[in-house]
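On the provided structure of chain A, position chain B as indicated by the hints.
Heads up: the sequence lines are chains A and B, in that order.
Residue numbering for the first sequence is 1 to 459, as defined by my numbering.
Residue numbering for the second sequence is 1 to 459, as defined by my numbering.
Derived from the structure by calculation, the hints contain no laboratory data.
Relax, there's no trap hidden among the hints.
Copies of the same chain are indistinguishable here, so a pair counts whether it falls within one copy or spans any two.
Straight-line distance between alpha carbons at most 20 angstroms, and here's what the computed SDA-like set of lysine to any residue pairs gives:
1. Lys355 with Trp303
2. Lys355 with Gly308
3. Lys459 with Thr79
4. Lys355 with Tyr277
5. Lys456 with Met369
6. Lys234 with Gly351
7. Lys355 with Ala278
8. Lys31 with Gly308
Number of protein chains: 2
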Amino acid sequence: MQPMPYIDQHRERFLAELFELIRIPSVSTDKAYQAEVRRAAEFLRERLLEAGADHAELCETGGNPIVFGQKIVDPAKPTVLVYGHYDVQPADPVELWETPPFEPTVRNGKIFARGACDDKGQMYMHVKAFEYMVRSGTLPCNVKFMIEGEEESGSAALPAFLRANQAKLRADTLILSDTSMIDNDTPSISTGLRGICYLQVEVTAAARDLHSGIYGGAVYNPINTLCQMIAALKNHANRVTIPGFYDDVVELSTQERTQLAQAPFDAQAYMAESGFYALQSEEGYSPIEGATIRPTLDVNGIWGGYTGEGSKTVIPAKAYAKISMRLVPNQTPEKINQLFTDYFQHLAPPGVRVKVTPHHSGQPIVTPMESVAYKAAEMAYQTTFGKAPIPQRGGGSIPIIPLFKEVLGLDAIMMGFGLDSDALHSPNENYGLFNYFRGIETIPYFYHYYAQLVAKLSK
Amino acid sequence: MQPMPYIDQHRERFLAELFELIRIPSVSTDKAYQAEVRRAAEFLRERLLEAGADHAELCETGGNPIVFGQKIVDPAKPTVLVYGHYDVQPADPVELWETPPFEPTVRNGKIFARGACDDKGQMYMHVKAFEYMVRSGTLPCNVKFMIEGEEESGSAALPAFLRANQAKLRADTLILSDTSMIDNDTPSISTGLRGICYLQVEVTAAARDLHSGIYGGAVYNPINTLCQMIAALKNHANRVTIPGFYDDVVELSTQERTQLAQAPFDAQAYMAESGFYALQSEEGYSPIEGATIRPTLDVNGIWGGYTGEGSKTVIPAKAYAKISMRLVPNQTPEKINQLFTDYFQHLAPPGVRVKVTPHHSGQPIVTPMESVAYKAAEMAYQTTFGKAPIPQRGGGSIPIIPLFKEVLGLDAIMMGFGLDSDALHSPNENYGLFNYFRGIETIPYFYHYYAQLVAKLSK
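Chain A with its partners taken away, still in its complex shape (with noise of 0.2 angstroms):
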C-alpha cells in the first residue's frame, strides 16, 4: 500500500469533524429530536460541499430529509452511489453508558459514543475518503452521495424519493459501509443480509384491569397467556414453530457451509465481547451459522400489568409484545408476516383476542460475486490489508437493499469496517481509530480498481 500523505496530515480535523457530527442527537424513531435530525443533515450538506461536491441539497420528503450531493467530473465515466445514513438508535438506557452517548470519547483505540459506528462513522469514511480523490486529484470516476435520516426507523421516505428520482440518482454501482467486518486481521465483504419482519402484538382478555384476589383462578390473564403464546413459537430444538416458516429457507450446500466455517470463531472471545452467558442456537446448526444463515424469532419487548415500584395485585386487560423475526433468502416479508399473524392467532386460546399489527420489514439478500464492483472492492482490500477479504453473510437487516435493486438496477457492495463488537444500538456503542482511518484509505482504492476495470471492459 502507498503512503497516503494527505490522510495523515489532517487526521486530527478528519475526527473532529465526525466528532461533531456526533454530537448532533439525530435520533429519528423519537420525534422529540426532529430538530436535531435536520440539524445533522444540513452539517453533511456543508461538509459535502467543502469536500468538493458540485452541489449538495437536502431533499424534502415529508420525514428526515434525504442528503444528496454530487459531483460529476466527466458524463461519459462510471458513477459511484454512495448510501449512508445520518440517524441514530436512542440511547436508552442511558444509565447504562460509562460516558455521555452523545460527547464522543476516546478509550483503548476506539471512539465511545451513540452513532460512532452506525452509520455516522461509517458514512462518513466515504465523505473523507471523497475529499482526499478530489484534493490530491485522483478521483477516476463521477460520485453521487445518497445519506438518508430515516433508516433506524424504517425508511419510510426512501422508496417513493427512489421511484421519482431515478434520473437524479443513475449510476453504475452502489457502495456502503453499514455492515461489519470479521476482525481487524480478517478483512471480510458481506455478501448477504437477512431479512426483517416486525410486528407487535397486542392480547386482550378483558374490558378493564381486575384485582387478581377477586377474579384470580377463575378468568384468562392475558399475560400469563402471552407467554404461553410466545413459548409455543419456538421448540425445544430452538427452531420456529410456525407451520411453513422454514418453507422457502434456500439451504446451504455442505460446501459453502463448510467454507463459512472457515471464518474464525472463537466462542469463548465472542461471549466475552458479548456479554452473554451462554450461546445458544438451532439444533443442527453452529451459532455463526444461527447469526447469520437461518432465520430467528425474537421478542424485542413485552409489557403489560404493573411494571412500577413495589406491587400491585392486577389481572391486566391486555399484554403486548414486539416481535421480530431475521429472514434469509428466499422468504419474503409478506409471506412470514401472514403466517405469524395466522398462527398468533390459531395459538390464541379461547378467552384472549389478539391483534396483530405489522412494524417495518426487509427483504433478505445476497450479493453477486462476480461483479466488477465486487471484484474492485476485493482488490482495494487487498491493497490495503494486505490479504484477500473473505466474503461474508450478515445476520442484521438493511431493509432498503433490495429496493435499490428493484428500483434503480443496483446490487450494492457492502464494504462494512464496524466489528460485531461495536456494540450497535446497545450502550457504549464504539468504532476503532483503526477502521476509520483503515476505511478512509480503503475506499479509493475501490474507485481506482472500479473505474480501471470499467474502461478495461469498455475496450
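For chain B alone, kept in the frame of chain A given last:
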C-alpha cells in the same frame, strides 16, 4: 327493621364527608403522595372526634400513621375493635376512568372514585354507624378504631405496632368491612380469605443490550426465556406445576363444595360485570371455586426490552415479571415462596441467571362460624336484609388478619358490603349508595346483638 331517622336526616352529610375523604389522593404505593396520605389520616382523626370519640390520635410508625380513636363507655362492657384502611391503590391507567378518579361522581346510584369502596367507603360506614349510636344513645359497648394507611402497600408497619400496643388495642372482637357480599339481595359474610405470596423475578442473559440482527439466532433472548419459564409454571389443566405446590392444600369435602355452590352464580352476568371474554379455572373446579377455594398463580406485571413507540431491534440484557400466588388453607407463604424460587431457578436454562425477590405475603385464613361475634353479625344482616347471610369464602387477601389472631388473639368478623363488580384496584372503581347506607344501618345492629349475646353468656 326499625326506622333510623337520624341516618335519614344526615344522609347528605354522611355522603359529603366520604366525598371529602375520597378527594384526598392517599395513594400509599407511591411516595409522591406521602403528604396526601397524612392529610387523609388527619381528616379521619378529626371526624372520629366529631363523631363522639373520647380520644383520637395519629400513631407514628416510621411509615404512614395509624389513626387510633376510642370511646370507652364502661370498662366492664365488651370492646369492639374496628379495623380499616384510609390508603388507596394508584389510579393508573388514569386514561381509562370515565370521570376523574379523585373526584367522586354519582352515576346510576353508584359513587365512582378510587377508594369509593376499597376501603374509604366501607371503612367510613363504621365511623358514621358509631356517630349514630353515640348521638342516639344506643352505643352498647366500648369501641376502638385502628385505621391504617399502608394496606395497599403491604402493611409494613402494622406488625410492630400491634406488638407494641397490645394493651391499647385490647378488645373482645374485631370487625372490618374490606370484603364483598354476593349481591344486594343476597347478603353474605366472608368466612375465609386466600393468602398471598408476591414475588419479582429477573432473568438476565447478557451483560448488555445487543443488536438482534447481529446476535439473533446465536444467543439466549431473556424475554423469550422468561416467557418459556412462565408458561412452564402451569399445565394444560390450568394447574400450577411447581412441585409440592398443592401438598398442603386442604381439600373441601363434597358437602362443603355443594354448600358453596348454592350461592347464585350466573356465568354470563359474571363475565358482563367483570368484562372478561371467557372464564377459565383449574380442571375439576368451577370458576367460583377457582377464585375462592383454590390456589392460583398470576403474572401481575411483565417488562423487558423496547416498549416505546415504533420498533427497536434489540435483544435486551434482562427481562422482569411480578408474579403472585393466592394461597388457601393450609398453604404458607414461606413454604410457597421457597418452592417457587427453587422451581423457577430449576426452570432456567444454562444461558440465563435468575433472581427471585419476595415482595409481600399473607397467610390464608378461615374464621370460625360458631363465635358470638359471628352470630351477632348474622342477626344484624337478618334484621336489615330480612334474610340470613350466606357464609362465603373470598378470593382476595387481607394479609394482616392472621396477625390480629396471633398478636391480639382476635378472629376477624368480615362484614363486607361491597360487590365483586365494584372494580377494586381498577379504573372506574365504584360503591353503591345502597351499600354505603345499608352498611351504616347494619353495623349498629351488630353492636346491639353482640352486647346482648355477651351479656346473656356472662349471666
